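Q: Line order of the protein sequences matches chains A and B.
For the first sequence, our numbering gives the first residue as 1, with consecutive numbering after it.
For the second sequence, our numbering gives the first residue as 1, with consecutive numbering after it.
Among the clues, some could well be false.
The following label-pair restraints were derived from C-beta to C-beta distances [to be verified]:
1. B:267 with A:96: 36 to 42 Å
2. A:67 with B:225: 56 to 62 Å
3. B:60 with A:244: 56 to 62 Å
4. A:123 with B:103: 19 to 25 Å
5. A:269 with B:25: 55 to 61 Å
The hints are simulated quantities; they were obtained by calculation from the structure and are not laboratory data.
Just so you know, these numbers come straight off a predicted model, no measurement behind them.
By construction, the Cβ of each residue, glycine as well, lies at the ideal position given by its N, Cα and C atoms.
Number of protein chains: 2
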Amino acid sequence: MRRAGAVSPRTVMLAIAGDSAAGKTTLTRGLVEALGEDRITSLCVDDYHRYDRQERKGMPFTALHPDCNYVEIMEQHLQLLAMGSPILKPVYDHSTGELTRPELVEPTEFVIVEGLLPLHSKLSRACFDITVYLDPPEEIRREWKVNRDTAKRGYGSDQVLAELDKREPESAEFIRPQKSFADVVVRFGPIEVRQDPPDTPLSAELLLRPTIRHPDLTGVFSDVDRNAMHLKLLRDEDGRPVDALHVHGHAPREESHTVEKAIWSELGTETELPGSLGQLGEGTRSEPLAITQLLLLYHLLEASS
Amino acid sequence: MRRAGAVSPRTVMLAIAGDSAAGKTTLTRGLVEALGEDRITSLCVDDYHRYDRQERKGMPFTALHPDCNYVEIMEQHLQLLAMGSPILKPVYDHSTGELTRPELVEPTEFVIVEGLLPLHSKLSRACFDITVYLDPPEEIRREWKVNRDTAKRGYGSDQVLAELDKREPESAEFIRPQKSFADVVVRFGPIEVRQDPPDTPLSAELLLRPTIRHPDLTGVFSDVDRNAMHLKLLRDEDGRPVDALHVHGHAPREESHTVEKAIWSELGTETELPGSLGQLGEGTRSEPLAITQLLLLYHLLEASS
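Chain A extracted, bound-state conformation:
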């Protein structure tokens, strides 16, 4: 299904929605590196906060609430970007909690929009060619959030855990419902049915919804170990058909490479499969992340062709 954003051939728009510390930045970073900043621009819609941290202290909601964000301006800016127009984007400084000087964003061939609420409204959803929801298990996300916010945002872990509890009702009401509007739902986490030791790299389950046309992977899985990776036809939560692609954290490099080549070959491109995917930050590589990024790269390039 093509959306309003796809009417103009100029900008291909990808949304990556998910709760705080769900992995949006890590996923985005690999895509920007693969295509290069000349071709792809990323922005975070959490910059559309209506109130700064100080003002929010006296208010009955957290930053997750739509009323705490300029949703109408976010929609307007997404429409402008989809039509190839520049925007003057507000800026929220996560380190100080202040709203500061806005910055010019000029859309390139591809734009990634990540954040808490990019799929909140019908109008915002209509701006995207491809929509992703990151859905890690809550205990994994809490761990990621504590690690990040204590290391990079100057909070104590007690503060972060208290904030998570305070946000939970609004996560349930506004963030998680966006999952139902995503073309791809990505769940990084341990595979629950397996009893892997605690240091096992995270696996990924990707729900590939038929709302967009995914590459045909039915042929490739005869060649790979079905324990490391498999594709399973399921019914989604709403009863609709969906493909679930599982990539185990221990999937051998050669096997994930076979799947990557299968995805890439469907593009009919002569360019090389990018080597920069799957980077977790400290030089470690994740096969499930690499395959997730490659699938999104496939959709970006497919939508622009």
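Fit chain B to the supplied structure of chain A, relying on the hints for placement.
A: Same frame as chain A, but now just chain B:
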């Protein structure tokens, strides 16, 4: 002539262009008071500065240069306002010279856009129903600028005069050419042919260009002292026909009231002629300012009907 902004019946757009300290804010204030903030919104497009005061110090142009402003974003925001959409407007703090947190502007029935460059581009001009250029004699404007910037913006008068000299080439290149695109050119100043004493209140000459349909004032001037006020058919700088309305600073209240009633009666409205016009700030009233504001009020109401 109706412009693009007039296609949508929702927002009537008035531009007040002119150099720094030309009287834009004083003119705007009386219009906002007359209609009330529920019906009319004013904004200043000098907020679209691309660089803050510190950054400009190392640059080869002043704040008057289009390259020193987000002209494309200004155009975009003017179009959005003209179509009745809200904008998140950047904010330039004149007291500190810093670019700060943007603010939401929701268009009301009428929007006044004042500033240095609202008529700079064809696209920006197309957003307005009525366009005004303020054109005081340079020596008067210099005096106003020194008075204001020393009193309200913390500069010394030597600094202000040096800045005026530095800005002069860009005033000539970018600000003053906007005069040719205005429907109304307002020149507050002494009447040069008269030898009035120096404390005589300023007079006004209003060029009423036939680019919009002005109220018919040809009948009313038989009733007033031709020394205090008159309407004169002229050729404009480009040879085109234009009406010049002169209002002397000493025009008697009763006579300017006769002209005001003539303008107001053309609207066919039952509401009272507003009493708040012509205020110079310290309780003093200017008949030329009152008539200028009333004429603009006429055009605002006429364009919305």
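Q: Using the beta carbons of residue 123 (chain A) and residue 103 (chain B), state whether their distance is inside 19 to 25 Å or not.
A: holds, 22 Å
Q: Honestly, do residue 60 (chain B) and residue 244 (chain A) meet the 56 to 62 Å range at C-beta?
A: Once the Cβ atoms are compared, 60 Å apart, the range 56 to 62 Å for residue 244 (chain A) and residue 60 (chain B) holds.
Q: Taking 36 to 42 Å as the hint, is the beta-carbon distance of residue 267 (chain B) and residue 96 (chain A) inside that range?
A: 52 Å Cβ-Cβ, so the 36 to 42 Å window is violated.
Q: Given the hint of 55 to 61 Å, is the C-beta distance from residue 269 (chain A) to residue 25 (chain B) inside that range or not?
A: Roughly 58 Å apart at Cβ, these two residues keep to the hinted range, so it holds.
Q: If I claimed the Cβ atoms of residue 67 (chain A) and residue 225 (chain B) lie 56 to 62 Å apart, would that claim hold in this structure?
A: The hint (56 to 62 Å, Cβ to Cβ) holds, given that residue 67 (chain A) and residue 225 (chain B) are roughly 60 Å apart.
Hint 1 alone, counting from the list given before, is not met by this structure.
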